[in-house]
Amino acid sequence: EAQVTQNPRYLITVTGKKLTVTCSQNMNHEYMSWYRQDPGLGLRQIYYSMNVEVTDKGDVPEGYKVSRKEKRNFPLILESPSPNQTSLYFCASSLEATYEQYFGPGTRLTVT
Amino acid sequence: GENVEQHPSTLSVQEGDSAVIKCTYSDSASNYFPWYKQELGKRPQLIIDIRSNVGEKKDQRIAVTLNKTAKHFSLHITETQPEDSAVYFCAARGYTGTASKLTFGTGTRLQVTL
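Chain order of the listed sequences is A and B. The first sequence maps to residues 3 to 114 in my numbering. The second sequence maps to residues 124 to 237 in my numbering.
Note that these hints are calculated values from the structure, not bench results. Please note that the accuracy of each hint is not assured.
Result set (DSSO-like, lysine-lysine): computed pairs, CA atoms no more than 27 Å apart in a straight line [what the hints assert, rightly or not]:
{"hint": "1", "chain 1": "B", "residue 1": "Lys-165", "chain 2": "A", "residue 2": "Lys-73"}
{"hint": "2", "chain 1": "B", "residue 1": "Lys-160", "chain 2": "A", "residue 2": "Lys-59"}
{"hint": "3", "chain 1": "B", "residue 1": "Lys-194", "chain 2": "A", "residue 2": "Lys-59"}
{"hint": "4", "chain 1": "B", "residue 1": "Lys-145", "chain 2": "B", "residue 2": "Lys-180"}
{"hint": "5", "chain 1": "B", "residue 1": "Lys-191", "chain 2": "B", "residue 2": "Lys-160"}
{"hint": "6", "chain 1": "B", "residue 1": "Lys-180", "chain 2": "B", "residue 2": "Lys-194"}
{"hint": "7", "chain 1": "A", "residue 1": "Lys-71", "chain 2": "A", "residue 2": "Lys-20"}
{"hint": "8", "chain 1": "B", "residue 1": "Lys-160", "chain 2": "B", "residue 2": "Lys-194"}
{"hint": "9", "chain 1": "A", "residue 1": "Lys-59", "chain 2": "B", "residue 2": "Lys-180"}
{"hint": "10", "chain 1": "B", "residue 1": "Lys-165", "chain 2": "A", "residue 2": "Lys-67"}
{"hint": "11", "chain 1": "B", "residue 1": "Lys-191", "chain 2": "B", "residue 2": "Lys-181"}
This is chain A alone, in the form it adopts within the complex (with noise of 0.2 Å):
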């Protein structure tokens, strides 16, 4: 089955706790992407990847990383989370960037 996941679909950290969200797609696309989603803000890029190895900041980059090491694969990397990246995580994937994308299931995170 075609899909995107994520994990953990839910996690709760405290402020400077290092934490990976993971995102794995099985389409061989070469464009993946996250964004948050926060209420009344919509869903805003934080980072996306045209390929292995190239990737670029979004609208939201501040206080994120991410790496692409091999297709399928692209994790989102908070170093140093804080109380205000509390929020709905989704990670995407497309054949490139102006092809349907397809979402995974979404990651809420709270950081207190």
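Using the hints provided, position chain B relative to the given structure of chain A.
Positioned in the frame of chain A, the structure of chain B alone reads:
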């Protein structure tokens, strides 16, 4: 960078009526404009998209129009049904050199009442 504005933020229509959601974008180089639907507690899913070489696209009860001169695009849903109730997001793909970002609007919550 690209800026996408979406209106209205909430929209309530009666079943069977039409719904229109409008978006404007700022980057004249943007060439791809998708619309996503997000039902409560679920992930966004693409419902229709349009590229800059096309002015209108239809898929059953859903249509999207694009006006490149005015830099705005709209989603039209005809004969609305309760299952159309959801949050709808427009987006625009802008260019930053050779890279590309996808910028979303802030969403429209559509409620279809019986």
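- Item | Numbers of the earlier hints that this structure fails to satisfy, in rising order | Number 9 - this is the single hint that the structure violates.
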